[in-house]
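Number of protein chains: 2
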Amino acid sequence: MTGRAVVLLSGGLDSATVLAEAVRAGYECHSLAVDYGQRHRSELAAAARVSAELGAVSHRVVSVDLRSIGGSALTDDLAVPETPAPGIPVTYVPARNTLMLALALGYAEVIEGRDLFVGVNAVDYSGYPDCRPQFISAFEELAQVATRAGAEGRRFHVHAPLIDLSKAEIIRRGVILGVDYSITVSCYQADDRGLACGRCDSCRLRRAGFEAAGVSDPTRYARTG
Amino acid sequence: MTGRAVVLLSGGLDSATVLAEAVRAGYECHSLAVDYGQRHRSELAAAARVSAELGAVSHRVVSVDLRSIGGSALTDDLAVPETPAPGIPVTYVPARNTLMLALALGYAEVIEGRDLFVGVNAVDYSGYPDCRPQFISAFEELAQVATRAGAEGRRFHVHAPLIDLSKAEIIRRGVILGVDYSITVSCYQADDRGLACGRCDSCRLRRAGFEAAGVSDPTRYARTG
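Protein sequences, first through last, are from chains Y and E.
1 is the number of the first residue of the first sequence in my numbering; add one for each residue after it.
1001 is the number of the first residue of the second sequence in my numbering; add one for each residue after it.
Hints were generated in silico from the structure; no laboratory data involved.
Do not rely on the hints blindly, as some may be mistaken.
[To be verified] A partial selection of chain E residues facing chain Y, derived with a Cβ cut-off under 10 Å:
1) Val1062
2) Ser1068
3) Pro1094
4) Ile1111
5) Tyr1128
6) Gln1134
7) Ala1151
Glycine included, C-beta positions come from ideal geometry on N, C-alpha and C.
Please model the complete structure; the sequences and the hints are all you need to start from.
Dropping the structure here:
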């Protein structure tokens, strides 16, 4: 056992793979989902399933209502784009990963863990500033000075094991770790049953990932895209 | 006009003074209160009053329910201490300032502001790791890499104008800026009308501050402490 870890779970493919990695590495994993008013509510149900299925010892949900400050197609009433556009996508949630890691850090303090796991990925999400390695490093430095444990000399680690992997590599790794991707939901506009639209950016990336990995796509689609 | 700023408001004495400073400096101030499940709910009402009174152009409240991850006398059912103890107080909320600044940063991105104001203070709150200058610097560095604006080369600034001031110095500065401290609430266990207990750590610090500043204490107490 290498200690307690907080694992951020979105209910999607990436964070499920991260949890499987953290469990395999021997951490006592406490998963944390953040309900930030996202439109794809079935993600939260998926996160709870993934937590139980992959062996986390606890699962918590923290609610943050970002709707009062707006700013993203994932929380506002903007249309989710179905064709990729250059630059930072409108589905970018302002400071989302900063916020999620802040919550994970607070929870780590409470459970006296010093390891945070997050499924950020710089390859497929190159348009998101808070998915880059320099963001992870900067947050890790912040954690040392922001916390009681850090102030007392214990070091926090922010693990982002997927950061340099392609979607296909993530999927291949997850298959080796025994992740059942049929219970994960990646779609930006999944329906109440967690069925994917097959058309949004996230669905396209995911489907292409299974194809590139040479793995049969277990995603439950609402209709063929 | 020096641009738009997000000013974190708690409803207390310190953040009211910070808002007055930011308004005086010429910023278009958008105040932000964070409802993190604190027991002293009248703080939130005070924050809205302070925002309007001191000239912020908007006021928003973001709700974050920290009760699911616990860890503080301010959100749990622990007793609020009435005698100061050495070390980090039990009223410390895990990663609170990291979380509050993360929300302020997200909001700044939405309104296209690059200045954040926060009332942290290293003198009276020396036991809180996230009230130290190195925390503010580390968050400012994080902001550059965490955001769209930062990634595009615009610099964020985290202003903590009270960080080196004593409570008495803060009060003297606020009086010069015209802050009406009677509308602020600092008490950890203020009642529904915002009346202070006069006995908790926060009340003691505040009362001593007015005494040291030689300023008549306008605080509305529920009873004499």
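Going through the hints against the structure:
Interface hint at E:Val1062: satisfied, since its Cβ lies 6 Å from the closest Cβ of chain Y, which is below the 10 Å cut-off. The criterion of a C-beta within 10 Å of any C-beta in chain Y is met by E:Ser1068, whose closest approach is roughly 5 Å, and the hint holds. A hinted interface residue such as E:Pro1094 counts as satisfied when its beta carbon comes closer than 10 Å to some beta carbon of chain Y; here the least separation is about 4 Å, so the hint holds. With a cut of 10 Å, the hint placing E:Ile1111 at the interface with chain Y holds, because the nearest CB-to-CB distance is about 8 Å.
At about 9 Å, the closest approach between the beta carbon of E:Tyr1128 and any beta carbon in chain Y falls short of 10 Å, and the interface hint on this residue holds. For E:Gln1134, the shortest C-beta to C-beta distance to chain Y is roughly 5 Å, which falls under 10 Å, so the interface hint holds. The interface hint given for E:Ala1151 holds, since its Cβ lies 4 Å from the closest Cβ of chain Y, which is under the 10 Å cut-off.
In the structure shown, no violation is registered for any of the earlier numbered hints.
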